[in-house]
Amino acid sequence: MTALTLQEICKSFDTAEGKVAVLKSVSLRLEMGQSLALTGESGSGKSTLLHIAAGLEHPDSGRVMVGADDMTAMGDSGRARLRRGQVGLIFQQFNLIPSLNVAANLGFQARLAGVHDAAFVTELAARLGLDALMRRYPEQLSGGQQQRVAIGRCLAARPALVLADEPTGNLDEATGDQVLDLMLRLTAEAGAALLLVTHSERLAARCDTRAHLRAGQIAAAQ
Amino acid sequence: MTRAALSALLSHWRGNPLQLVMLLAGLALATALWSGVQALNAEARSAYSTAEGLLSEGGAARLEHPSGQIDQAEFARLRRAGWQVSPVIEGRAALGTGRVTVLGIDPLSAEASVGAALAASDLEGFFNGLGFAHPQTLAEIGPTDQPLRATPAVPVGTVLVDLATAETLLGTGGHITRLNLSLAQPDGLQPLETLVPDLRLIAPEDGVELSGLTDSFHLNLTAFGLLAFAVGLFIVHSAVGLAFEQRRAMFRTLRALGLPLRSLTACLAGEMVLFALISGTVGLGIGYLLASALLPNVALTLRGLYGAPVPGSLQFDPLWALAGLGMTLAGTALAGAQALWRLWHMPILAPAQPRAWAHASGRTMRLQAGVALALACLAAVLALTGTGLVAGFTLLAATLLAAALAVPLVLAAVLAGAARISRTPVAQWFWADSRQNLPRLSLALMALMLALSANIGVGTMVASFRATFIDWLDLRLVAEVNVLPRSPSEAEALHAFLTPRADAILPMQRIDATLGGQPGQIYAMKDHSTFRDNWPLIDPVANVWDRLAAGEGVLVNEQLYRRAGLAPGTSMLELPNIGPLPVLGAYPDYGNPLAQAVVSLDRFAAAYPETPIRQFAIRTEDTPGLMAALQDDFGLPSVQITDQAQAKELSLTIFERTFLITRALNVLTLSVAALALFAALVTLSGMRLAQLAPLWALGLTTRHLAALELGRALALGLMTMVLALPVGLLLAQVLLSVINVQAFGWRLPMQVFPADWARLGLWASLAVLAAAAIPALRLWRRGAAQLLQVFAHER
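As given, the protein sequences belong to chains D and W, one line each in that order. The opening position of the first sequence corresponds to residue 12 in the numbering used here, with each subsequent residue numbered one higher. The opening position of the second sequence corresponds to residue 470 in the numbering used here, with each subsequent residue numbered one higher.
Mixed in with the good hints, there may be bad ones.
Cβ pair distances, simulated, as ranges [to be verified]:
1) D:Ala-84 - W:Gly-1155: 46 to 52 Å
2) D:Asp-142 - W:Leu-746: 56 to 62 Å
3) D:Gln-228 - W:Leu-743: 52 to 58 Å
4) D:Phe-131 - W:Leu-743: 21 to 27 Å
Which chain D residues face chain W? A few, computed with CB under 8 Å, are given here [what the hints assert, rightly or not]:
5) Ser-38
6) Glu-42
7) Ser-72
8) Arg-95
9) Ser-110
10) Ala-115
11) Leu-197
These stretches of chain D come out as covered by chain W in the derived footprint (C-beta under 8 Å, 3 or more residues) [said to hold, decoys possible]:
12) 130–142
13) 219–230
Everything labelled a hint here was simulated from the structure, so no lab data went into it. For every residue, glycine included, the Cβ atom is placed at its ideal position computed from N, Cα and C.
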């Protein structure tokens, strides 16, 4: 079953030098349980593609399907609903909610989507090594701990599609490896599809498949 | 080096123009409200000085007769004995289309006074009937038969003429109102007590001086100006503090590049001085316009309330402008001191990122709680032991500041409680996030608290006063018609004319006197059911009216009763020519700045014979018929007849005008507070994108987020309003039972007006929503693009 389909996605931005095409007819398909690493140079358009896949940004043309839902045909509310229920996002800067403690952050998206399962969140917290930190606030955590909370928040909502944008970019190599291990293992166990945006060949090698973006086009896929 | 550093520091404002506008607007508004009020006060005080300097260079004593009239023979006797005295005739007369105070002087004996100098400018013309009046007076009364020359040296509402002209205009029948004594008198003169035993020597300090009478009015204005200034400084403090946080990285870089701390601090101080000068100048302009707009009403109030001659147009005084700029600089220094202190103590490698204010504010909160508690204790001590107007205003200021400082603490507790009991994740986030952002909004909320509680306090005081005043007017103004005779002979003729036509004729006679050490007046009261049935009394003895009619005591007005600490039944009041009389009770006498005592008609006649009747209060069942008869049959001009409705209308107009400026300053203060909130919300909206972006990414729409932002501002505004309510009522209680008693001499019962609170709550909500609308709309409309930037900027 297909978790994400991107069909002929085009996107350009207005800049001081005129209109710049960032994505030129990009197509991708990601099956449930599969992990895909999207690599590319800085400015190659990989983050823009991830934002479009998450419904955060609208393509100029092309089609985005999350499961059987055509995201490009939806309005703002529809895309927000889809994100709540089916898409999990993990960012480089963690983007936890600073006013809520770890426990509230972990359960936030699941509660938002109406699929909160306290036992599952507790189990996730234990597997992520967060059970002793539940009453702490994000500013009281290390970078690695914060990213583990972000992964937990994403997976607690049981999304069909996990989109991760340089999730280890702000962590040292050892911590980054630990975090990626957890993310890959838990995503696979949940049967979710994972789209990982990274510029690290080493990390990309750990995913099932890879796609390389160059000058707004898929240059290679394996 | 300094120029490069200054240029780098100022570049911050190029990137944050709205923040700069708010900083300048806050300073300009604070300056405008403060300097506007000061301009009003200065103009009024200058007018009092003109009025008091018209006849004397200051310090001269005067001689008066209890009846208010001195015979020409007594003047002649004093002159023959060698006393240097100058006669004055003073009274009210109809002139043109209005009524003026006619002041007749003898320029030859009134040496070294402003009046004498004026007369000397055209002595022949002056003796031939030429008068002098303020240009505004001339405009108000229109063309007259009396030749008048315009000069700003004469107070508004007064016409300066020579003695003969004054006698003709006033019909005084050769009587003099008073004799001014020159400061320098020859040696070996016969004592005044033996030469003119009927005349009373009144020392200058016993006189009724306008500046003294109006002090409380001006203190009220100053207090409001200061409150508005303080609210404006909250904006400045907030903007300066925020700019400091945002430029932490720049400070670190500049210092790392070799800029000494001393130079950096000097640059920041120079930046503040520059802003203070720019916005101070703009504020002075706005303040001048504001004062010009308010002065006509203030002038009418002062004339109605105290008879103070204040012109309705404003003069520009460079000293006022300099003082205003000085105040702006001082205010800026106060508002920016904390930022400069923090910069001075900041290590060179301090974190470059703006600190989480909530995190850093724990210590600040504790300090704030300590200061609030100390101020509350000071207020409690002052409430229990303080006396005097300054103590009263200090009590008000301490209460207001303590309440304002407590606002963030109370709100933090309420928000934490709300977050704990919330069920949904969005509600939980909403309250927790509101609490986290509270330190950034707390200054604006404190300003809002000040403005709202001042509004509630002053509003309750004015409304309580109005309700009491209207009831009191109904009881006091029971006579259907009032008639003002122009002379004793006309009074006699009027009495004869009215006797067969009226149900009752109640003559009004009075003399000026010092009562309980205060300037005041003694009135005669005829024993009549009009007074017995209607006059409300405070603390009366048994059979008060019978005892008053029998001449066994005296009634005093509330001002004298409270200021002199009189206790009816046990206190005695010393009256000139009568001696000590028991105090029988007190009566409310709102709007009168003077002490007043009432004795029976017989007592008065025996002590002060020949006192002219100044007014007749007439009871009749046929008001229109009697008024028509007075005009048509007796030939009395209409300006000398007032009916009850006119008198009430006049009193209410004076009342409304008295509080018009208070209300205007109230609205302006609330507007400044709304501006402070707007400034804080706009600045916060830019900083909040990073906090809102994850929620948007997790599935909340920008519309939902915008609605939550609006809801947050409204919730905080309403909570502040709820907190302001008890503080405002406490202020009203202080105003009614402390400030009013000290300033005016009367105490009023507090009444509550929930509909007014609801109205204020609605206005405050609208102000808060207006302040939050632009950031919320911006988030809704351009939110997705801006929120996406947060993720794009992560790399």
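Okay, the hints, checked on the actual structure:
Our hint of 46 to 52 Å for Ala-84 (chain D) and Gly-1155 (chain W) is violated, since their Cβ atoms are close to 33 Å apart. Separated by about 60 Å at the C-beta atoms, Asp-142 (chain D) and Leu-746 (chain W) satisfy the suggested range of 56 to 62 Å. Taking the beta carbon of each, Gln-228 (chain D) and Leu-743 (chain W) are about 54 Å apart, inside 52 to 58 Å as hinted. Between Phe-131 (chain D) and Leu-743 (chain W) the C-beta distance comes to about 60 Å, which lies outside the given range of 21 to 27 Å.
Annotation: Ser-38 (chain D) was flagged as interfacial toward chain W, and the flag is violated, the nearest CB pair being 23 Å apart, outside 8 Å. Checking Glu-42 (chain D) against chain W by beta carbon gives a least distance of about 24 Å; that is not within 8 Å, so the hint is violated. Evaluation of the Ser-72 (chain D) hint against chain W yields a violated restraint, the C-beta minimum of about 19 Å exceeding 8 Å. With a cut of 8 Å, the hint placing Arg-95 (chain D) at the interface with chain W holds, because the nearest CB-to-CB distance is about 3 Å.
About 4 Å separates the beta-carbon of Ser-110 (chain D) from the nearest beta-carbon of chain W, less than 8 Å, and the hint is met. Checking Ala-115 (chain D) against chain W: minimum C-beta separation of about 6 Å stays under 8 Å; hint holds. About 18 Å separates the beta-carbon of Leu-197 (chain D) from the nearest beta-carbon of chain W, more than 8 Å, and the hint is not met. Interface restraint, the segment 130–142 of chain D with chain W: violated (0 residues with C-beta to C-beta distance below 8 Å; minimum three).
Counting residues of the segment 219–230 of chain D whose beta-carbon sits less than 8 Å from any beta-carbon of chain W gives 0, not enough to reach three: the coverage restraint is violated.
Violated hints, in rising order: 1, 4, 5, 6, 7, 11, 12 and 13; the structure is consistent with all others.
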